[in-house]
Amino acid sequence: MRTRPWINFEAGCGWIKRIPIIPVCHSGLKVSQIGAPISSFQGLELDDEGFATKFFAAICKHAGFSEQPRIDKQEFMREIRKALEGFTSEAPVADDSIPVLSQLSDIQVEILKQLAEAKDRRESGVHEPVLARRVNLKVTLLRHHVVSLVKDNYVHQGLIMGGPSYYTIKDKGISYLVDLGILK
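Under our numbering, the letters of the sequence shown match residues 70 to 253, in that order.
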C-alpha cells in the first residue's frame, strides 16, 4: 500500500470538463509534491505568506471579477487554520482502489476526443491538417502532442506516400476517455 490523494481523480474529472481547478495544499503538503496532472494547475500552499491574496486573485480570475472582494484576510486565515486543526492529509489506500489518471494534457485529451468522434462517424483516419484544424492547433504543435500519444499506444499514426500522416484512435485511447466519463 501507498498513499495517494483521492483529489487526483476528482480534479482530473473537473479538468477534463474545463472546470477551473485550484489545488490548495495544507497540513504539510507542498505544491511540488502533487502528482501529475494536478501539478500543472495553479496550486497554492496554505502556509505561504500571501496565500489569501493569491487565493482570492485566482477565484476572481476564474469568475471574471475585475477586483478582489474586501475581506479581512487575517480573519479568513485564522478561520481556515482553525478548521484544519488536527487534520491529516494522508490516508493509506490500496493501489487498485482509485483509478489513476494518466498524464495526458488537455490538448491530448481533446485530440483523443476528436479521433473518437471521427471513429463514430466511420472516418478511416483523420489527416494531420484536418485534425490540427479540429483541435485549433498548428500542424507542428499538433505533432508535438501526438508523438507521445502514438508512443504510448493511445493513437495509431498512418503514413501515406507523399501525403500527410493520418491518425486513428486505438482501444487504449477509447478506454482512457471511457474511464474519465467522456465517452459513455
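Think of the hints as simulated: they come from the structure by calculation, not from any bench. In this text, a Cβ means the ideal position worked out from N, Cα and C, and glycines have one as well. Some hints could be false.
Said to hold, decoys possible - Here are the computed lysine to aspartate or glutamate pairs in the EDC-like style, where the Cα-Cα straight-line distance is at most 20 Å: (1) LYS151 with ASP175; (2) LYS86 with GLU197; (3) LYS182 with ASP240; (4) LYS123 with GLU144; (5) LYS123 with GLU148; (6) LYS220 with ASP189.
Claimed, not checked - Label-pair ranges, simulated between beta-carbon atoms: (7) LYS220 with GLU192: 18 to 24 Å; (8) HIS196 with SER96: 46 to 52 Å; (9) LYS207 with LYS86: 24 to 30 Å; (10) SER96 with GLU136: 29 to 35 Å; (11) LYS99 with GLU148: 21 to 27 Å; (12) GLN111 with MET146: 26 to 32 Å; (13) GLY133 with GLY231: 30 to 36 Å; (14) CYS129 with LYS99: 29 to 35 Å; (15) HIS196 with GLU118: 47 to 53 Å; (16) VAL216 with GLU118: 56 to 62 Å; (17) GLN111 with PRO198: 42 to 48 Å; (18) LYS151 with THR122: 25 to 31 Å.
Comparing the hints with the structure gives:
With a CA separation close to 36 Å, the supplied pair LYS151 and ASP175 exceeds the 20 Å bound. For the hint pairing LYS86 with GLU197, the CA-to-CA distance comes to about 25 Å; that exceeds 20 Å, so the pair is violated. Only pairs whose Cα atoms come within 20 Å are accepted, and LYS182 paired with ASP240 is accepted, the gap being roughly 13 Å. A distance of roughly 16 Å separates the Cα atoms of LYS123 and GLU144; the hinted pair therefore holds under the 20 Å criterion.
Proximity of LYS123 to GLU148 is assessed by CA-CA distance (about 17 Å); at most 20 Å being required, the pair is judged to hold. Among the hinted pairs, LYS220 with ASP189 is inconsistent with the structure: their alpha-carbon atoms are about 23 Å apart, more than 20 Å. For the hinted restraint 18 to 24 Å between LYS220 and GLU192, the CB-CB distance of approximately 23 Å keeps it satisfied. Taken as a hint, the range 46 to 52 Å holds for the pair HIS196 and SER96, whose Cβ atoms sit roughly 50 Å apart.
Between LYS207 and LYS86 the CB atoms are about 26 Å apart, so this pair conforms to the stated range of 24 to 30 Å. One distance hint, 29 to 35 Å for the beta-carbon pair SER96 and GLU136, holds here, with the actual separation near 31 Å. Judged by the Cβ atoms, the range 21 to 27 Å given for LYS99 and GLU148 holds: they are separated by roughly 22 Å. Checking the proposed 26 to 32 Å range against GLN111 and MET146 shows it is violated: the Cβ atoms sit about 19 Å from each other.
For GLY133 and GLY231, the hinted distance range of 30 to 36 Å is not satisfied, since their beta carbons lie about 48 Å from each other. Judged by the Cβ atoms, the range 29 to 35 Å given for CYS129 and LYS99 is violated: they are separated by roughly 24 Å. Taking the beta carbon of each, HIS196 and GLU118 are about 52 Å apart, inside 47 to 53 Å as hinted. The hint said 56 to 62 Å for the Cβ distance between VAL216 and GLU118, and at roughly 41 Å that hint is violated.
At about 33 Å, the beta-carbon gap between GLN111 and PRO198 misses the expected band of 42 to 48 Å. The beta-carbon spacing between LYS151 and THR122, approximately 20 Å, falls outside the hinted interval of 25 to 31 Å.
Checked against the numbered hints above, the structure breaks hints 1, 2, 6, 12, 13, 14, 16, 17, 18 and satisfies the rest.
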